[in-house]
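Asks: I would like the entire structure built from these sequences, with the hints used as guidance.
These protein sequences, in sequence, are chains A and B.
Its first residue numbered 1, the first sequence is counted upward by one per residue in our numbering.
Its first residue numbered 1, the second sequence is counted upward by one per residue in our numbering.
Worth flagging that the hints you see were computed from the coordinates, not collected in a lab.
Quick caveat: nothing in here was measured; it's all calculated off a predicted structure.
A couple of the hints might just be wrong.
Dumping the calculated DSS-like pairs for lysine-lysine here, alpha-carbon to alpha-carbon at most 30 Å [said to hold, decoys possible]:
id, chain 1, residue 1, chain 2, residue 2
1, A, K121, A, K162
2, A, K52, A, K97
3, B, K52, A, K24
4, B, K17, A, K97
5, A, K52, A, K121
6, A, K17, B, K97
7, B, K24, A, K24
8, A, K17, B, K17
9, A, K24, B, K162
10, B, K162, B, K121
11, A, K97, B, K24
12, B, K17, A, K24
13, B, K52, B, K97
14, B, K52, B, K17
15, B, K52, A, K17
16, A, K52, B, K52
17, A, K17, B, K24
18, B, K17, A, K52
19, A, K52, B, K24
20, B, K24, B, K52
Below, each chain spelled out in residue letters.
2 protein chains.
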Amino acid sequence: MQTTAPAVTALIEEFAKLPGVGPKTAQRLTFFLLRSPADQSRRLADALVRMKEQVTTCTTCFNITETDPCPICASPQRDHGVICVVEEPLDVLAIEKTESFRGAYHVLNGALSPMEGIGPKDLRISELIARVQGGEVREVILATNPNYEGDYTAAYIAPLLKPQGVTLTRLARGLPLGGDLEYADEGTLSRALEGRRAFEG
Amino acid sequence: MQTTAPAVTALIEEFAKLPGVGPKTAQRLTFFLLRSPADQSRRLADALVRMKEQVTTCTTCFNITETDPCPICASPQRDHGVICVVEEPLDVLAIEKTESFRGAYHVLNGALSPMEGIGPKDLRISELIARVQGGEVREVILATNPNYEGDYTAAYIAPLLKPQGVTLTRLARGLPLGGDLEYADEGTLSRALEGRRAFEG
Chain A
1 MQTTAPAVTA LIEEFAKLPG VGPKTAQRLT FFLLRSPADQ SRRLADALVR MKEQVTTCTT
61 CFNITETDPC PICASPQRDH GVICVVEEPL DVLAIEKTES FRGAYHVLNG ALSPMEGIGP
121 KDLRISELIA RVQGGEVREV ILATNPNYEG DYTAAYIAPL LKPQGVTLTR LARGLPLGGD
181 LEYADEGTLS RALEGRRAFE G
Chain B
1 MQTTAPAVTA LIEEFAKLPG VGPKTAQRLT FFLLRSPADQ SRRLADALVR MKEQVTTCTT
61 CFNITETDPC PICASPQRDH GVICVVEEPL DVLAIEKTES FRGAYHVLNG ALSPMEGIGP
121 KDLRISELIA RVQGGEVREV ILATNPNYEG DYTAAYIAPL LKPQGVTLTR LARGLPLGGD
181 LEYADEGTLS RALEGRRAFE G
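Replies: As structure tokens, then:
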């Protein structure tokens with residue numbers, strides 16, 4: 001795209017490299033910042049640089065962090081006997097937002113996917129086993145995504161952890177809150193039936 | 001949003017300040033950059049800073065530029081006797097992409113809008129009149145947007161330029177290319193009828 005300002009074109013091109021940002025959106029973002037005070041662009045630029053400089057990976061749970069071990073792994077208020085195994089740092093964020101989990105995490109960094117060539121070596125599986133062998137762990141929640149790759153990953157990890165004598169669990173499947181029976185897919189509905197609980201009236 | 005890395009939270013917040021970027025998109029962009037090579041974040045940060053440092057406004061046409069006068073105003077290959085008056089720098093971009101205009105531009109920096117309190121003093125109208133009084137100009141195309149504010153702005157400017165003896169034109173209204181008669185709104189269709197041309201078969 002040819003504008004009379006190469007610096008504008010350059011910024012449009014950089015924005016367009018982000019996922020879900022097409023050329024029109026990239027243009028809109030650029031012209032928005034062009035009209036905004038310089039301070040706003042500067043703060044975004046600083047945040048970008050600082051994020052890359054300061055964020056590292058916790059060598060215990062492999063979540064993103066600025067300190068190693070991360071605040072969760074270092075916290076005496078968390079129950080380090082329960083490890084919630086997730087695929088991505090975003091999953092940790094989602095679970096933390098529920099405020100209903102007080103254990104620790106283990107971020108695998110993806111899920112097994114023969115289709116995409118992601119094997120056990122690409123994930124933090126051996127580190128998880130070593131952590132469980134460490135002793136303290138009583139329960140491992142295999143909280144990988146409720147899809148094919150996530151289920152496959154959980155099924156791969158489970159037999160490796162069983163010999164350690166820990167309790168292995170998986171997040172409940174069922175109808176989402178606010179969902180509508182009529183529109184639930186068959187898989188979800190059959191899992192909801194299987195997992196039915198006594199009515200607490 | 002609380003993550004274990006404040007630098008990540010900061011970047012999510014900065015992204016969320018952009019128009020059309022909600023908290024979920026801001027998260028997605030941040031985690032995308034977190035996984036990408038540091039180089040990508042650095043290039044985006046640099047482009048942001050450079051854009052604000054290097055981009056200025058052409059003192060002739062008020063388009064964005066890195067040099068003053070801008071390459072279009074400075075070009076001997078452009079016809080400076082025809083000025084296309086637009087609202088925003090993005091409009092210049094849109095017209096340049098057609099490659100069917102070889103004249104110069106004048107960016108008003110918006111449109112008159114009594115509702116939003118934008119009056120003639122907020123736009124580059126007096127500068128346009130001064131430019132036309134300069135002599136060389138033969139035609140002024142009032143290419144403000146085909147909406148209420150754009151029409152109003154064109155109607156406000158026209159009588160101010162008429163005494164200079166220049167030809168005043170407005171972009172043609174009609175059916176958009178690839179459009180469907182059935183779905184055209186009444187206004188567009190009645191303008192298309194009004195502006196009908198001899199069939200060139």
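Asks: Look at each hint and say if it fits the structure.
Replies: Going down the list of hints, with the structure as the test:
{"no.": "1", "hint": "A:K121 / A:K162", "in the structure": "19 Å, holds"}
{"no.": "2", "hint": "A:K52 / A:K97", "in the structure": "24 Å, holds"}
{"no.": "3", "hint": "B:K52 / A:K24", "in the structure": "20 Å, holds"}
{"no.": "4", "hint": "B:K17 / A:K97", "in the structure": "21 Å, holds"}
{"no.": "5", "hint": "A:K52 / A:K121", "in the structure": "25 Å, holds"}
{"no.": "6", "hint": "A:K17 / B:K97", "in the structure": "21 Å, holds"}
{"no.": "7", "hint": "B:K24 / A:K24", "in the structure": "20 Å, holds"}
{"no.": "8", "hint": "A:K17 / B:K17", "in the structure": "19 Å, holds"}
{"no.": "9", "hint": "A:K24 / B:K162", "in the structure": "36 Å, violated"}
{"no.": "10", "hint": "B:K162 / B:K121", "in the structure": "19 Å, holds"}
{"no.": "11", "hint": "A:K97 / B:K24", "in the structure": "13 Å, holds"}
{"no.": "12", "hint": "B:K17 / A:K24", "in the structure": "18 Å, holds"}
{"no.": "13", "hint": "B:K52 / B:K97", "in the structure": "24 Å, holds"}
{"no.": "14", "hint": "B:K52 / B:K17", "in the structure": "17 Å, holds"}
{"no.": "15", "hint": "B:K52 / A:K17", "in the structure": "20 Å, holds"}
{"no.": "16", "hint": "A:K52 / B:K52", "in the structure": "22 Å, holds"}
{"no.": "17", "hint": "A:K17 / B:K24", "in the structure": "18 Å, holds"}
{"no.": "18", "hint": "B:K17 / A:K52", "in the structure": "20 Å, holds"}
{"no.": "19", "hint": "A:K52 / B:K24", "in the structure": "20 Å, holds"}
{"no.": "20", "hint": "B:K24 / B:K52", "in the structure": "27 Å, holds"}
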